[in-house]
Amino acid sequence: MPKSSQAKGLVIVESPAKAKTIGKYLGGEFIVEASVGHVKDLPQKPRDESRLGIDIDKGYKPRYVVISGKKEILKRLKDLASKVSKVIIATDPDREGEAIAWHIKTEIEDVNPNVKRVLFTEITKNGIEKGMQNPRDIDMNLVEAQQARRVLDRIVGYRISPFLKKVVNDKISLSAGRVQSVALRLVCEREEEIRNFKPEEYWTIEAEFQTREGEILKAKLFKLNGEDPKIPNKETAEKILDDLRGKNFVISDIRKKEILRNPPPPFITSTLQQEASNKLRFSPKKTMMLAQQLYEGVELGDEGRVGLITYMRTDSTRLSDEAVSAVREYIYNNYGKEYLPQTPRVFKKSKVSQDAHEAIRPTYMKYEPRVVKKYLSEDLFALYELIWNRFVACQMSSAVLEQTVVDITADNYLFRATGSTVKFNGYMQIYEETKIESEEKEEKEVKIPVKINVGEVLNLTNLIPEQHFTKPPARYTEASLVKELEARGIGRPSTYATIVSTILERGYVELQDRKLVPTDLGFAVNKILTAKFPDVVDYKFTARMEEDLDEIASGRKGYFEVVDSFFKPFDKHLRELEEKKDEIRELIQEETDIVCDRCGSKMVVKVDRDGKYLACSNLSCKNTLAFPQNGVIEETRICPQCGGRLILRRGKFGKFYGCENYPSCRYTESITTGIKCPECGIGELVERKSKRKRIFYACSNYPNCDFILWDKPVNKPCPECGYPLIVKSRRKTASYKCPRCNAQITEVSESLN
1 MPKSSQAKGL
11 VIVESPAKAK
21 TIGKYLGGEF
31 IVEASVGHVK
41 DLPQKPRDES
51 RLGIDIDKGY
61 KPRYVVISGK
71 KEILKRLKDL
81 ASKVSKVIIA
91 TDPDREGEAI
101 AWHIKTEIED
111 VNPNVKRVLF
121 TEITKNGIEK
131 GMQNPRDIDM
141 NLVEAQQARR
151 VLDRIVGYRI
161 SPFLKKVVND
171 KISLSAGRVQ
181 SVALRLVCER
191 EEEIRNFKPE
201 EYWTIEAEFQ
211 TREGEILKAK
221 LFKLNGEDPK
231 IPNKETAEKI
241 LDDLRGKNFV
251 ISDIRKKEIL
261 RNPPPPFITS
271 TLQQEASNKL
281 RFSPKKTMML
291 AQQLYEGVEL
301 GDEGRVGLIT
311 YMRTDSTRLS
321 DEAVSAVREY
331 IYNNYGKEYL
341 PQTPRVFKKS
351 KVSQDAHEAI
361 RPTYMKYEPR
371 VVKKYLSEDL
381 FALYELIWNR
391 FVACQMSSAV
401 LEQTVVDITA
411 DNYLFRATGS
421 TVKFNGYMQI
431 YEETKIESEE
441 KEEKEVKIPV
451 KINVGEVLNL
461 TNLIPEQHFT
471 KPPARYTEAS
481 LVKELEARGI
491 GRPSTYATIV
501 STILERGYVE
511 LQDRKLVPTD
521 LGFAVNKILT
531 AKFPDVVDYK
541 FTARMEEDLD
551 EIASGRKGYF
561 EVVDSFFKPF
571 DKHLRELEEK
581 KDEIRELIQE
591 ETDIVCDRCG
601 SKMVVKVDRD
611 GKYLACSNLS
621 CKNTLAFPQN
631 GVIEETRICP
641 QCGGRLILRR
651 GKFGKFYGCE
661 NYPSCRYTES
671 ITTGIKCPEC
681 GIGELVERKS
691 KRKRIFYACS
701 NYPNCDFILW
711 DKPVNKPCPE
721 CGYPLIVKSR
731 RKTASYKCPR
741 CNAQITEVSE
751 SLN
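Numbering-wise (our numbering), the sequence shown opens with residue 1 and increments by one.
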């Protein structure tokens, strides 16, 4: 076919948005088209299930098929390729992008063999020019690394999932994933730790002093007889208080030292997801979706589409010399020379970093957040501002704090007060990193009076004993789970978001107050996997598999070697387990003394997506009952429409009662908290679940009343304003709060709710 006289080449990318941005810079020289993501994949339903869509006997060769809806796209790309002199494939600069590029090439090279690959780490004029100047062939090492991940995931998913269905519950579809199952194990083990935790009582004693100048100084008991004070109960605390009263308290030492606080490094994928979760309350999945938009380009009025950030899937903190030079100039001009260190900051490379791309940063310093704010949605702006501030901060001067430690002695007692003041805010002028809950310190610093001296006698004005209990480890949040996976070497920048979202979507884990909590089904699946597939959910084994995939990408290991070393022992083990299904089923199927009211057989505990329920052990009976709450079987509730029994179910938006004769009878009832709606006074508050699996409480009178609460309600009026209910507080300073006046309430009667 004749080649196009108007365009000398065809550039193929994944998304239409990216194509539009790149087309702006390439002008009329190239046609820019989108593949709209992957064009080929393993078949969703292989004809021969035992083969998984993979030719195991031919070196684990994948049997790729064109994805549904992509035939027309490939036909158009092939037609365009036949009319130009060259084809450039500029899919994302990672293994996934390399695989897409390879699949496209295999479809079009018969009409145009002149196919090259380029990388755009930023969708800017400079980034595109650099990429176009360095065309190369498809990197088959990267392709095979992606292919190995896909094949291994298929083997685990398609082989273990049917097995789980047989042993956990044959009435529902269950699935397992190579990396997601490890994430589920982390969440389940943390929950077990919390359940098994036995809190221990301890007390602290704080003293309040008055200085000669009349200022207040607070200090905590730090040492008793030269050792850490152990105050296990109220009696011990009271003895110490009695002993302290009447003693002389003298300032024995004042120490001051400067502390340099260095800025955090620029964002990589995992830290961006963590900070966006902590600061903006974005899920990892949402963060990556927004970051993709910022990378591919957004409309900036007369300037057209501009890619605002560099590529967002990276594990490297490296910055280009040009980027560092530009941000240093920006800091000097906008903050002054004292905020600019003498030399650029270089950050330590992590042990698993591939260093293939730069850190996540803004592409242009001229596009300050305030400049582009009017063009961005609220969420896009929030994420862009976060990336901008972190990037600028990473090249600013350290903050300088002056820490003062004051020791106060009274015989064998040593009290200590610690306080810090900021002498120079440095990078903190623009950015402060958040800490996850498990990293937060309990000890709080205090204000240190300026005019105090060693040897000064202080006037004791108050002694404050406080009871505490040791706390269990915190549940994982989406942010802290990503951090834990990264620390263990599990997953890579391209997979963190999907790992977390998958275990939520499968119903194995749910969000409660932004914490990840395993469901009964999640516990059951994890119990089978940890007991019978120890390698699949082993942390070190999974991390080694990630390293093997990296080795394939670098050419140090081969595709067949890695896949074969996993498949052969896995396949042998699974075949052995198939013979022991009944024995394995007993791991999670608990017998009870409850008798089936239909056939007289014993009932057993089973789990499904609705949670635990009772099922008749006589498989031909098929009788089920709602699981006993607090050890008491609920009185059978009758469906008012058909006379069937109502069964407790867990649906898309929370728990509810549904008729046992579903789908022929679709009657449902909400499960109420028993608390009247404070808005309409007619309905009661019922537990619901959002699309993000987050629990909230809504009026049962909806849609006539649209009242909702995001915190658990307690049936007790606010002592401040009289509002008819209060809610569980997320703050550490109070247990409850009023949703109307926001009063913080420390205690309510334990018998309530």
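If you are wondering where the hints come from, they were derived from the structure by calculation, not from laboratory data.
Note that the structure is a prediction, hence the values are computed from the model and not measured.
Any given hint could be a false lead.
[What the hints assert, rightly or not] With a straight-line cut-off of 16 Å between C-alpha atoms, the simulated EDC-like cross-links for lysine to aspartate or glutamate are:
id : residue 1 : residue 2
1  : Lys230    : Glu192
2  : Lys557    : Glu303
3  : Lys447    : Glu206
4  : Lys606    : Glu579
5  : Lys61     : Asp513
6  : Lys373    : Asp302
7  : Lys256    : Asp243
8  : Lys70     : Glu107
9  : Lys75     : Glu29
10 : Lys557    : Asp571
11 : Lys223    : Asp243
12 : Lys515    : Glu192
13 : Lys58     : Asp564
14 : Lys165    : Glu583
15 : Lys374    : Asp302
16 : Lys165    : Glu586
17 : Lys256    : Asp110
18 : Lys515    : Asp711
19 : Lys20     : Asp407
20 : Lys712    : Asp407
21 : Lys166    : Asp513
22 : Lys279    : Glu206
23 : Lys606    : Asp593
24 : Lys165    : Asp711
25 : Lys728    : Asp711
26 : Lys444    : Glu208
27 : Lys125    : Glu29
Right, here's what the structure says about each hint:
1. Lys230 with Glu192: violated (28 Å)
2. Lys557 with Glu303: violated (46 Å)
3. Lys447 with Glu206: This hinted pair holds, its Cα atoms lying about 14 Å apart.
4. Lys606 with Glu579: Violated, at about 21 Å.
5. Lys61 with Asp513: violated (45 Å)
6. Lys373 with Asp302: holds (15 Å)
7. Lys256 with Asp243: Violated - the C-alpha atoms of Asp243 and Lys256 are around 30 Å apart, more than 16 Å.
8. Lys70 with Glu107: holds (12 Å)
9. Lys75 with Glu29: Violated. Lys75 to Glu29 sits at ~22 Å, over the 16 Å cutoff.
10. Lys557 with Asp571: Violated, at roughly 22 Å.
11. Lys223 with Asp243: With a Cα-Cα distance of about 15 Å, the restraint between Lys223 and Asp243 holds, given a limit of 16 Å.
12. Lys515 with Glu192: holds (15 Å)
13. Lys58 with Asp564: Measuring from Cα to Cα gives roughly 11 Å; hence the hint holds.
14. Lys165 with Glu583: Satisfied, since the Cα-Cα distance of roughly 15 Å is no more than 16 Å.
15. Lys374 with Asp302: OK: Lys374 and Asp302 at ~13 Å, within 16 Å.
16. Lys165 with Glu586: Within the cut-off at roughly 14 Å; holds.
17. Lys256 with Asp110: violated (75 Å)
18. Lys515 with Asp711: holds (13 Å)
19. Lys20 with Asp407: Between Lys20 and Asp407 the Cα gap is close to 65 Å, so the pair fails against 16 Å, i.e. violated.
20. Lys712 with Asp407: violated (44 Å)
21. Lys166 with Asp513: violated (33 Å)
22. Lys279 with Glu206: Violated, at roughly 32 Å.
23. Lys606 with Asp593: Within the cut-off at roughly 14 Å; holds.
24. Lys165 with Asp711: violated (35 Å)
25. Lys728 with Asp711: holds (6 Å)
26. Lys444 with Glu208: holds (15 Å)
27. Lys125 with Glu29: With Cα atoms ~15 Å apart, Lys125 and Glu29 stay inside 16 Å; holds.
Checked against the numbered hints above, the structure violates hints 1, 2, 4, 5, 7, 9, 10, 17, 19, 20, 21, 22 and 24; every other hint is satisfied.
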